[in-house]
Amino acid sequence: MDRRKSIKALLIGGAASAVFIEACKNSDKKVTEETTLTKFTGDERMQEENDHYKKVAADHFFDQHELATITVLADIIIPRDAVSGSASDAKVTDFIEFIVKDIPSHQTPMRGGLRWLDLQCLKRFEKTFKDCSSKQQIEIVDEIAYPKKAKPEMQQGVAFFNLMRNLTSTGFYTSEIGVKDVGYMGNTPNQWNGVPDDVLKQYGLSYSEKELKECVSFDKG
Amino acid sequence: MGDFQIKKQPKQYDVIIVGSGAGGGMAAYVLANAGLKVCLIEAGPNFDPAKNSAQFKNPWESPRRGASTKFRPFGDFDGCYWGWDIDGEPYTQSGTTKWDWWRARMLGGRTNHWGRISLRFGPKDFKGKSIDGLGDDWPIGYEDVKPYYDKIDQLIGIFGTNEGLPNDPDGFFLPPPKPRLHELFIKRAATNIGIPVIPSRLSILTKQLPNNKDRNCVFCGQCGRSCKLYGDFSSSSVLIKPALATGNVDLVTNAMAREVLTNRDGLATGISYVSKDDMQEYQVFGKTVILAASACESARLMLNSKSPRYPNGIANSSGVIGKYLHDSTGADMGGIIPELFDRKRYNEDGVGGMHVYTPWWLDNKKLDFPRGYHIEYGGGFGMPLYGFQWGIEKLNGMYKIKDKQKEAGGYGVSLKEDYRYFFGAHVGMAGRGEGIAREDSYCEIDPSVVDKYGIPVLRFHTSWSDYEINQAKHMKETFKEILHSMGAVVTWGGDDGPQNNYGLHNPGNIIHEAGTVRMGNDPKRSVLNKWSQAHDCKNLFCVDGGQFVSQADKNITWTILALAMRASEHIVDELKKQNL
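Same order as they appear, the protein sequences are chains A and B. The opening position of the first sequence corresponds to residue 3 in my numbering, with each subsequent residue numbered one higher. The opening position of the second sequence corresponds to residue 143 in my numbering, with each subsequent residue numbered one higher.
Quick caveat, the hints were computed from the structure, so don't treat them as lab data. Among the hints, erroneous ones may be present.
[Unchecked claim] Below 35 angstroms or equal to it, Euclidean Cα-Cα: the simulated DSBU-like pairs (lysine-lysine) are:
1) B/K546 / A/K182
2) A/K150 / B/K418
3) B/K719 / A/K56
4) B/K536 / A/K212
5) B/K293 / A/K182
6) B/K418 / A/K57
7) A/K93 / A/K125
8) B/K349 / A/K56
9) B/K542 / A/K132
10) A/K125 / B/K536
11) B/K536 / A/K137
12) A/K132 / A/K57
13) A/K150 / B/K544
14) A/K56 / B/K370
15) B/K542 / A/K151
16) A/K132 / B/K544
17) A/K137 / B/K544
18) B/K548 / B/K486
19) A/K215 / B/K355
20) B/K199 / B/K672
21) B/K153 / A/K151
22) A/K57 / A/K93
23) B/K448 / B/K672
24) B/K149 / B/K680
25) B/K418 / A/K203
26) A/K103 / B/K536
27) A/K153 / B/K672
28) A/K215 / B/K349
29) B/K383 / B/K486
30) A/K203 / B/K349
31) B/K718 / B/K150
32) B/K355 / A/K93
33) A/K215 / B/K622
34) A/K41 / B/K448
35) A/K132 / B/K536
36) B/K293 / B/K622
37) A/K150 / B/K542
38) B/K548 / B/K212
Just so it is clear, the structure is predicted and the values come from calculations on it, not from any experiment.
All chains should be modelled from the sequences, with the hints used to inform the complete structure.
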């Protein structure tokens, strides 16, 4: 019998205790983790990679406060717009948590940059960044988001925000939402028949007779 | 550690092959089809692209979105296991040497890691010394290898065009794919300044081969991940799979070769290896031994095969093994084409790699470097992966975006517009040239370091000369001219100069190393004769990049395949005549 069904039956039967509920939660969590593990440890992976992945995935780097701050920042960098969703819709925070464990050279700039930002906000607004009002958040972000016009004393913040922008965007545009947004249409079986005619025309280009004669063509249909 | 003993395999083979890449795969294919009993030893695990490729994976199907790891230095979806660093298998450098050594550990070896660029050497490429006095001539010429290039073109499949170029010979080509948009820009711009651009020559099946309907290209552009449909060449799918189907090949994977075994007469009798599966020691025996472990691994294996008869390593009376180590030169540059901003979207994958390239077009007699280079091109709508438009803060303040000048950096809805605007407008180019093979550029056994299996490791001693540095300078000047001619703006690689050898990559970094077990007519100055057969040990052959005297500016795989086929047919003949 399915274990989850049996636990459900126990609950319905009124015999549930805190222990059973806890067991139920844990088993569900384990199922999720195992699904994630299998997703990234398929036939294309060698043993050493799978061992490495399991180790990295089981580890934690950012604390809850840092993760919450990253989420606020990421949604400022990539908000929902008319075309697509936001960084948090694309689970960018999860990606950033993973990638700093996988590429440890990001750890200190990220941790230190988040702390730098909080200290700036504490001095100015007596609150950490994530607890500031949206208006206050944007006020400080505006001072570090534009490298060329930022004040010299904000340069550490500029360096952090550059990294945060790059990590957020990489996380977003490599997600399903982001790939669709930017309009990448490849990675699917097809037949390459050359640049579409209207595009050739747009740039005043055409294939030469030699190219048309020697290159592979497929029926357009 | 427990006790271990050496397990001797009772079966006597006709041939033992070490390594399953281009050379070993071709040898196994030819010899097995000739009815010989073959034992094929590979240091890595089994690999079948049909099962093990990440071909159609999307970026989000990698937790690191395709970023590289030490297991996959060219990205998380790349087809190759390992690369610059392998756990437990170090190598060392002498003095100021900065040698980069790529090692694949898997069935098919490094044919799982290359751009499928399949260039024949031309007549001049075998006779460098006769032309400019540098390096050495090969003991063979184009006419000796041509019949094998012809067979390989038709057996494996390659697209390209017959252009009648004197040193870039014609072949048996499938039709090339049409150029992509940025390639048309490149072609127009380069042609305008006198630099030829012709269809590339890649071993990818733009059409099915007449006699083989099992292989098929679906234009997904992911050859680098290895092809589930066997639509491109890799040794595992195209050579080893059919070789195994003959029933004549025993494949031993995860087997790290330790030594070539010899008898009192100095003949090779087999190979000893350690199994990575059970860490036990094994020996296999055969009438002939073929090394195809890669230029440096084959040299290492030979140098480590010492006996009273061969105190300097097997077949090394010349002392030449390990010397004349050379890689292709490489320098690169990238730019952005403002005319391509805000492009219309469509599927631009094509085949995995460039559709056009530039073969060497100048006369070295008029230049300050003796040998040529070709140019490879990239760009267009690539799959977004880790690092996608990284550093946009350096770009988005430089151009009007949708007719509006913006401040560099930024965030929000405006930033999202920028990423869309720039997507597909980047272009890159890479020069790959010929360096001169020199006696004083070499690898040797490090006297004090072993790997985790107790096998002494290689120590590298390599450098570039002014010839290669001047060539890199010329590459950079050319790239700037082409980019300028097409209205592009240099975005990277434009600041290299004399302070960093004009961006010339470390030797080894282009992953075309060759020359360590070179062939020649003089046994005092070469290891192998013109049949890839050791001068000192007639039943020992080396069919990988080690045997090369020089390597032109042509990626060496197609020539490894041709020479391996040639040597293998020679072995079949010699075994028939009982000469081995």
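Here is what the structure says about each hint:
1. B/K546 / A/K182: 25 angstroms, holds
2. A/K150 / B/K418: Status violated; Cα separation ~55 angstroms.
3. B/K719 / A/K56: Given that 35 angstroms is the threshold and the Cα spacing comes to 56 angstroms, the pair is violated.
4. B/K536 / A/K212: 40 angstroms, violated
5. B/K293 / A/K182: The given pair, whose Cα atoms are some 44 angstroms apart, is violated under the 35 angstroms limit.
6. B/K418 / A/K57: 22 angstroms, holds
7. A/K93 / A/K125: 31 angstroms, holds
8. B/K349 / A/K56: Outside the cut-off at roughly 42 angstroms; violated.
9. B/K542 / A/K132: 33 angstroms, holds
10. A/K125 / B/K536: 30 angstroms, holds
11. B/K536 / A/K137: Holds - the C-alpha atoms of A/K137 and B/K536 are around 27 angstroms apart, at most 35 angstroms.
12. A/K132 / A/K57: 30 angstroms, holds
13. A/K150 / B/K544: With a Cα-Cα distance of about 21 angstroms, the restraint between A/K150 and B/K544 holds, given a limit of 35 angstroms.
14. A/K56 / B/K370: Roughly 26 angstroms between the alpha carbons, so the hint for A/K56 and B/K370 holds.
15. B/K542 / A/K151: Between B/K542 and A/K151 the Cα gap is close to 18 angstroms, so the pair holds against 35 angstroms.
16. A/K132 / B/K544: 33 angstroms, holds
17. A/K137 / B/K544: 28 angstroms, holds
18. B/K548 / B/K486: This hinted pair holds, its Cα atoms lying about 22 angstroms apart.
19. A/K215 / B/K355: 24 angstroms, holds
20. B/K199 / B/K672: The given pair, whose Cα atoms are some 45 angstroms apart, is violated under the 35 angstroms limit.
21. B/K153 / A/K151: It is violated: about 76 angstroms lies between the C-alpha atoms, which goes past 35 angstroms.
22. A/K57 / A/K93: Within the cut-off at roughly 21 angstroms; holds.
23. B/K448 / B/K672: It holds: about 24 angstroms lies between the C-alpha atoms, which stays within 35 angstroms.
24. B/K149 / B/K680: Holds, because 26 angstroms separates the two Cα atoms, which is no more than 35 angstroms.
25. B/K418 / A/K203: Violated, at roughly 59 angstroms.
26. A/K103 / B/K536: 27 angstroms, holds
27. A/K153 / B/K672: 69 angstroms, violated
28. A/K215 / B/K349: 15 angstroms, holds
29. B/K383 / B/K486: Distance ~42 angstroms between B/K383 and B/K486 Cα, so the pair is violated.
30. A/K203 / B/K349: 28 angstroms, holds
31. B/K718 / B/K150: Cα-Cα ~27 angstroms, so holds.
32. B/K355 / A/K93: Between B/K355 and A/K93 the Cα gap is close to 43 angstroms, so the pair fails against 35 angstroms, i.e. violated.
33. A/K215 / B/K622: 32 angstroms, holds
34. A/K41 / B/K448: 48 angstroms, violated
35. A/K132 / B/K536: 28 angstroms, holds
36. B/K293 / B/K622: 39 angstroms, violated
37. A/K150 / B/K542: 16 angstroms, holds
38. B/K548 / B/K212: 39 angstroms, violated
In terms of the numbered hints stated before, the structure departs from hints 2, 3, 4, 5, 8, 20, 21, 25, 27, 29, 32, 34, 36, 38, listed from lowest to highest.
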